[in-house]
Structure formats: structure tokens, C-alpha cells
Amino acid sequence: MRPRNIGDVILDVKNISLSFGGVKALQNISFDVKEHEVRAIIGPNGAGKSSMLNCINGVYHPQEGEIVYQGEVRRDMDTHHAAESGIGRTFQNLALFKGMSVLDNIMTGRNLKMKTGILAQALHLGPARAEELREREFVEHVIDFLEIQAYRKTPVGRMPYGLQKRVDLGRALAAQPKVLLLDEPMAGMNMEEKQDMCRFVLDINDEFGTTIVLIEHDMGVVMDISDRVVVLDYGRKIGDGTPEVVRNDPEVIKAYLGVGH
Amino acid sequence: MIAAFVRQVLQDGRVSSDPVQGAREVRLCLFGTMRGYRMKAAYHTKGGADVAPFARKTSLNAPGSGCPGKETRQMSSMPPASADTFPRLLQHHASVRPNSPSIREKDLGIWQTWTWSQVLQEVRALACGLAAHGLTRGDHIAIIGANRPRVYWTVAAAQCLGAIPVPLYQDAVAAELVFVFQNAGITHAVAEDQEQVDKVLEVKEKAPGIAHIYFDDPRGMRHYTQPELLGFARLQDLGREFDAKNPGFFDAEVGKGAPSDPAAMFYTSGTTGNPKGVVHTHAGLIDRARVACEMEGLTADEEILAYLPPAWIGQNIFSYAQAMVAGFCVNCPEAAGTVTTDLREIGPTYYFAPPAILERLLTSVTIRMEDAGSFKRNLFKYFMGVANQVGGRLLDGKPVSPGERALYWLGDMSIYGPLRNALGMSRVKVAYTAGEAIGPDLFKFYRSLGINLKQLYGSTETAVFVCIQPNGQVKGDTVGPPVKGVEIRISDSGELLIKSPGLLKEYYKNPEATAAVLTNDGWYHTGDAGFLDADGHLKIIDRAKDVGKMSNGAMFAPKYIENKLKFFPYIKEAVAFGDKRDMAAVFINIDMEAVANWAERRGLPYSGYLDLTSQKAVYDLIKDCVEKANADLAQEEALAASQIKRFLILHKELDADDGELTRTSKVRRGFIGEKFGVLVDAVYSGKAEQFIETQVKFEDGRTGVVSATLRIADAATYPAVKKAA
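Chain order of the listed sequences is A and B. Just so you know, the first sequence maps onto residues 1 to 261 in my numbering. Just so you know, the second sequence maps onto residues 1001 to 1725 in my numbering.
Each hint should be verified, as a subset may be incorrect.
Simulated crosslink set (DSBU-like; lysine-lysine; CA at most 30 Å straight-line) [to be verified]:
hint, chain 1, residue 1, chain 2, residue 2
1, A, K98, B, K1484
2, A, K194, B, K1204
3, A, K153, B, K1376
4, A, K153, B, K1204
Chain B is faced by these chain A residues, among others (derived, beta-carbon under 8 Å) [claimed, not checked]:
hint, residue
5, E137
6, D144
7, E147
8, R152
9, T154
10, G188
11, E192
12, E193
13, D203
14, D206
Since the hints were made in silico from the structure, they are not lab data. Glycine included, every Cβ here is placed at the ideal spot set by N, Cα and C.
My request is simple: use the sequences and hints to build the entire structure.
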């Protein structure tokens, strides 16, 4: 068992409701995320998991409720502000620049840390150059961490899916997030790739102390790596607690397996 | 001049404004584009303490020495005879060429360099640290990891103390290592990373003598609380403290070493039974390394890429013993997957590759050429034809007409040069291949490109160098004459016997095994069957014990047949049966990459390995290969009777994890015969297909079952060609 060093609540979601027209995507959802923990959000298809992440990092603006992040209360924020305040994320369907190399893709994740202007960068002036070198070095650490040295110059579109997922994670890591939102990081992977990804997620959590919120369908993975689990179903929260508690919750079992009539 | 420059740019995409620094630095430091180059060069030259994560290493380098192009180099001949142990060789180089590069490692995309004097400092700190933890003369220390500078330093540090390094295969599973740890009575172990530490901890449950485990890469090790664990940096800090308190200790320990002391122990993979620890002395290893260096004229300026497992004696000889003797530079690749790129960046001058790797390189070239446009493809085809005719003769210094010379020159400009560069062999002075027989076409391909690829013969027990093909006398099917110091004799039973200064001292704690191979008068029994040809070159046929007889009394040399088949690009492995039987049959592993490509080209749909192997078209393809091999066998009277009558394509790739191959990728024929006994029976009982269920072990240690119904096909044979008397 890994020794855990879980801190105070870093992200507190209170009574969030989100609807698109008549569709109620999220109804009165509340849960919290503590610093350094691995928090999983699970639920059947269409339960509102991705919508929840989208509310947290400002893609969607919930109609009701508030989110307290590092003591700051807000209903909504824009995505840029979310990224600046240390919320990073990866995407369910990957949103990489397919024609660009792994290095360049991860470098884009570093964009927030770059302060020089577009003109200086275009002309490759001294400060811009020094900055690029500095950031490149950080990106090299990410590449080393994710063990993708052999693909540094490979265009992302030519890489296998499992590795593209890793690059997506790399780009999120490049921004040095405090909280990392992972939207189905293991979807579509084979067993070996899943194991690798689990190892990376745990290593990120261990080495950098990054708080992790992940959506995942593979129950084995969820039960193995997460500290606490939130269960959503049709936009409602039906369970919350440690993997053991959630696993034995009759409501959750019903949502997942149905009930005999 | 301009043409040459343009060509160079086209070839490598490299441009340098500084011709002095240019060639080497750029080769090592570069991206494809102009902007990329400027970036990277700056990324490289950036050094010093302001780059925090690099401080760990750059602090060891002279300012600005981040890029290997800048080190000063000094020419020198072989070290004096007084440097007769590895630690003394290290001290010699540190004093003669303190600022020459000794070892490099690519880390975070940059080649980090340690000079000889820095390496001596590192080794000294390490040795003192190990001594502080109780490692003493005669102890064995296990080293398990990939090619990393610290792995090599540990070897040297142990030797400084008179302890014996035991390098182990990094992909071996814990169960395989238990015997070795128990046999060698290992108390100290060096592990590269978390994976290896976990393995050693697992071994410790059965070999509780392990008292200290040192690790190089701290990643993931944060939560390990075992008292026996210690990080490398901490170990070296301890060593420096110890050194400060006991200033004369290190030099005294080095002084105590004698050339006749054991220098290293290598466990042989062994096709049967427990592995045996082959003990080599400083004198033996240094002698063989020196003889080969002298024969090939290797100097301190050579570059080599260390990419094969350090537990293999060849890796130790090429990248440690010879580097220590000649004082050249060893380069450690960034990761297993980057070897091809690293090879191009380094451009080694001295290179070793087993035939399997050369084969893989050739396959990738062939596939890419087949995907190229018709103009390029035809150009390639034409000039490879020219190379085939001319290249080998040019390399051997045989007469070549001016017309042929001119054509070859054109080919060199357009094809061979760029291809050598793509293979990372532009600067290769000497390249060796060994371990398995190499296909004549494969061998000729590399030589015709102007790469001086040669065969050598040797084994773990002989410290590699027994025979080497001398420049200008290279034949496809022999391994050359014995090198200096080696005597060869063929016993009455046809077995090859050797006398050499590089012979093993003994098998560790195994006098019976030692006595079985090493006679009192110093002859080593190789177990290989072979003979010397008219020019005194040695030709190896097979393992003596594997050469069998078919039921009609004809000779059956399985390896010979298997090799003939493996020379076809579509066949990865072959296992021949026929000893004491009335006909020869083979099991075949297709080469997934080549066959998949072939299938794609003809629009043949398949869902995976198993599906591909069972396709009729693939069986026809392989049948064609088998029949060609039969035609070849029919040419040789003695072997004509062992033409292949039946074959099948196996449903799984033979794998070392499943025990079907040795760790050095040799087929374990007997084991396979037992494991797939149902298939063997089916083949010889004339069945057309057979169902089989096989246990497989996955890389993560879990097991699963693969089942399939395999077709067994017949192949045509040819009448033996009678040689005219």
C-alpha cells in the first residue's frame, strides 16, 4: 500500500446544476476533492461525468451552485483562468495537433508559462530564445517521465492510440497543474497500456503531489488506484466514498447492474 | 566543394556555420531544420548551474562541454604493460587523456559526457562507498540494468576493490535470478531502477544473503522503506566521506589487485540445466581486448554505442574491456527505443551487431524502399546491383575496372552514402557480427555498401576473440583464421578445441563442469563442430552434440537447415526435427513485420498474428521458401537427405519468457520438441492438421492460453546433386 499524504479540501463542488435546454445534465451535485488524492468519477454512459469536468475547468457554466477552488468561490470561470490557476486536463477524444511532433505538442502545454510576445518569438530574439530553451528543458523532463523519448520527433498522428493518450497527458503535465482532470485516460487501451497508464497516474500523484480527478469506466482500474469515488447516474449523485463503500452501495449496484424484478 | 556541401545538407539536413566545430558537433546535436538546429545547438551549449536539473551532471563537465564535439582528444598508442588490471587501465587513461571523453549518456535529449578523469573520480567515490558498506576482495556484486554509465562504473568500482562484478540480464525474471544469487553468494546488488529493485527484493525472499541494494534511478522509489536500499548519489557521498577519512585506501586497494585475479563473472544462458558462472581474469580479458584492438588498429578516437545487454560478455568486451584498453568512448543510448536515432547521432566507428539486428535493419530498409516511388525504387535496385558486383571487391582490395569504379562512385553519391548515414554507419571502421551464422545475402549487402562488416568467432568461455576475419580476406561462410595467441585443433570426433590466453579460469563452484570442458593441458572443448578450410579459415557447422543422424544414416545438422530458412526475410525462426527420424520437418515462426507488409501489399485481410499464420496464402509463401532451401540442400551431397518434407507455421512467436529461446535468442530445440510434442507427433504421423493449446507468459508475469488448429503442409524435395569427381 502506498503511504498517502492527503491534505485539505482543494476543490469543493456545491449544489451544481447544469442543463442544456430541457436536458438536465447535472442536478444538484456536491462533492469535494482533497489535495493529493486520486478522486474518481464513475457512472454509466450519459451520467454527466464529462459535463462535471467541463464545469470544473470552465468549459460549461452551470446555472446553479458554486465551485470553491483553493478558497476562491465562483460559479463559473473561463477556461483560460482555470488553466492559469492550475487546473489541467486531458480529453476523452484526444485534442492533439496531429501533424505536429510529440515535442511540439507538449510544448504547447507550456504556452501559459511563456511570457515573451508573439513578435519576439517569431523573430527568435534573445529573451524568447532563452525562454524557449528553458521551457524545452521542462518538456524534456515530461518526455523522460512518460518514457516517450523514442517518439520525440514523430508526428502525433502517426503514433498508436495508446501513445497518443500519453502525449495528451504529457501536454497537460507540461503546465504543471495542481489539479489534473483526466477524462477516460484508459479508454480504448489494451491491458498492458492500461497498466502503464495507471503507473503514470500514480507516479504523477506521488512524485509531483498532483491532485487527480479522473473519469474511468474500467472498474478494476478505479478500485485499484482511486482514494475516493463519486458515482453519477442520469445527472444525479448516487454514491460517494472509498472504493469499498461504493462497491457495496446497493444504489450503485442497481445503476450498474440493474435490479431483478 | 559546393556540390559536396549541398549533398551533405540534403543527406543529413545539417548546416553549420563553423566548419571546425561543424562536422562532429552538428552530427550529434541536430534537428532537421535550420531553426531546429539553432535551437538545439543552443539547448546543448547551455550549461552551468542556472539550468537546475542539469547541475547534477554539468557540474561534472568542464564549462561548455555539454556537446561532445568540444572535448580535446589526444592520440596515443596502447597503454603500457604495467597497466595490467582494469583499475590500473582506468588510472592510466585518467592521467594520459584526462579530458578525453570516456562515456556519454543521452539524458533529456542531450548527450552528457564524462571524461576519463571524471570517470575515475566517480568510480573512486563509488568504490569507497561500496567499501564503507562492507564489500571486500573476493565478494561478488550483482549488477542488473541497461547500459548506463553507472552500471559500467560499478563494474570498475568493484574491480578496484578486488570484488567480482556479476552482470545479469535485465529482462530475466526473478525466478531465473534466484539460482545465480545463491550460487555466487551475492550480498551486494546494484539495480538500475524500480523495476530491477522489485526483482532483487523478490529474489531476496529466497536468497536472504542480499544485504545491500543500490539503485540508480530514484523514480518511484520514494515510498520504499527497506533498510537495505540506498540511492546511488547517497552511496557516492558516503564514499567521498570514507575517502576523506581514509585517503590512502583506494590506491592501496587498486595496488593489491593482480592480473590473475578474477575480473568478472558471466553467467551463460545455458540451453539446459542451471546457468554456469564463467570466471574470467583481468589478464585474460585484457589480453583478448588488446589483441583485437591491435589487429584492427583501434585507437582512443573510436566511438561505440553500448546497446546490447551488459550481462553478455560481448557487450563487456566491446564496451568495457576494449574501451579500457584503447581508451575510446562508450555511448549509452537514451532508451531502448531510441537506439536507431542514437546510432545516427553518434556515428560509431566501431560497431557490433548480431545477425538478427542486421537482418532487422535490412528488413526495414527493404520495406521502406518498396514503399518508395518507382524512380527511387529502380535507382536503388540498379545501384544495389552495381554494389553487389563491385562493393565487396573494392573493400577486399581486389582489382576493379575504372568503369566499375565510376559507377560505384555514382552509386555512393546517390544511394550507398545516404543509406550508410541512415543506418548510422557512415563512420564505421570495423563492424563485427557473430553469435549466429549470418546469411550470405545479408552479409554481402552490408559489405557491398562499403561497410567493413566482418565475422568473428568466440564464446563467453573464450572471452570472445578466437577467430576474426582479417581485412581483405573475408569469406561469407567462414569466421576467419585464429587471432594472435590462439591455437586451434579439431578433435577426432570433429569437435573444435581451443587454446588461448583468454580462456575462462573456471566455472564458479562447479569443478565437474570445468573439468568437462577444460583439459589439464589447457585445451578448451567448444562443443562446436567445424573444420579449417584450405586457407586456414575456420568453418563452423553446428553444435557438435546437435549434429545427429537420420534413420537412414545420413547426417542431420539442424542448425544448418534452420539458418538456411532464417535467411529468408519472411521467416523469423525455424526449428528443425529429424534426428533418428525418417524425414526432416520444421516448425516456422513468420516474421510478422515482413509478412504483414507482404499481406498488405496484396490486400490480404487478417486480424492478427494467429490469423495471419493460418492463411493459405502465407503457407504458400513459406512453402516457396522451404522448397528453395531444399534446392540448396540438394546441392550438398551429405545434407541432401535432410531436405524438409513437412512444415508447419507456429501459432505463437517463440519467446525467451516462455523458455523457448535462450536470453540470447537461440532456439531451445529440445524444449520446443517437448512443449509442442503433439505437433511433432502429428507431423510424423502424417496428419494434415492438429489442435494445440499453449500456455503463454505475458510481459507483466501473468499467464494466458493460446489455442489454435495448425495446418501441416508438405514441401517438394529435390534429387541430390552428385558432385563431379
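We went through each hint and held it up to the structure:
no., hint, result
1, K98/A - K1484/B, "57 Å, violated"
2, K194/A - K1204/B, "29 Å, holds"
3, K153/A - K1376/B, "25 Å, holds"
4, K153/A - K1204/B, "41 Å, violated"
5, E137, "6 Å, holds"
6, D144, "6 Å, holds"
7, E147, "7 Å, holds"
8, R152, "7 Å, holds"
9, T154, "10 Å, violated"
10, G188, "17 Å, violated"
11, E192, "7 Å, holds"
12, E193, "11 Å, violated"
13, D203, "6 Å, holds"
14, D206, "6 Å, holds"
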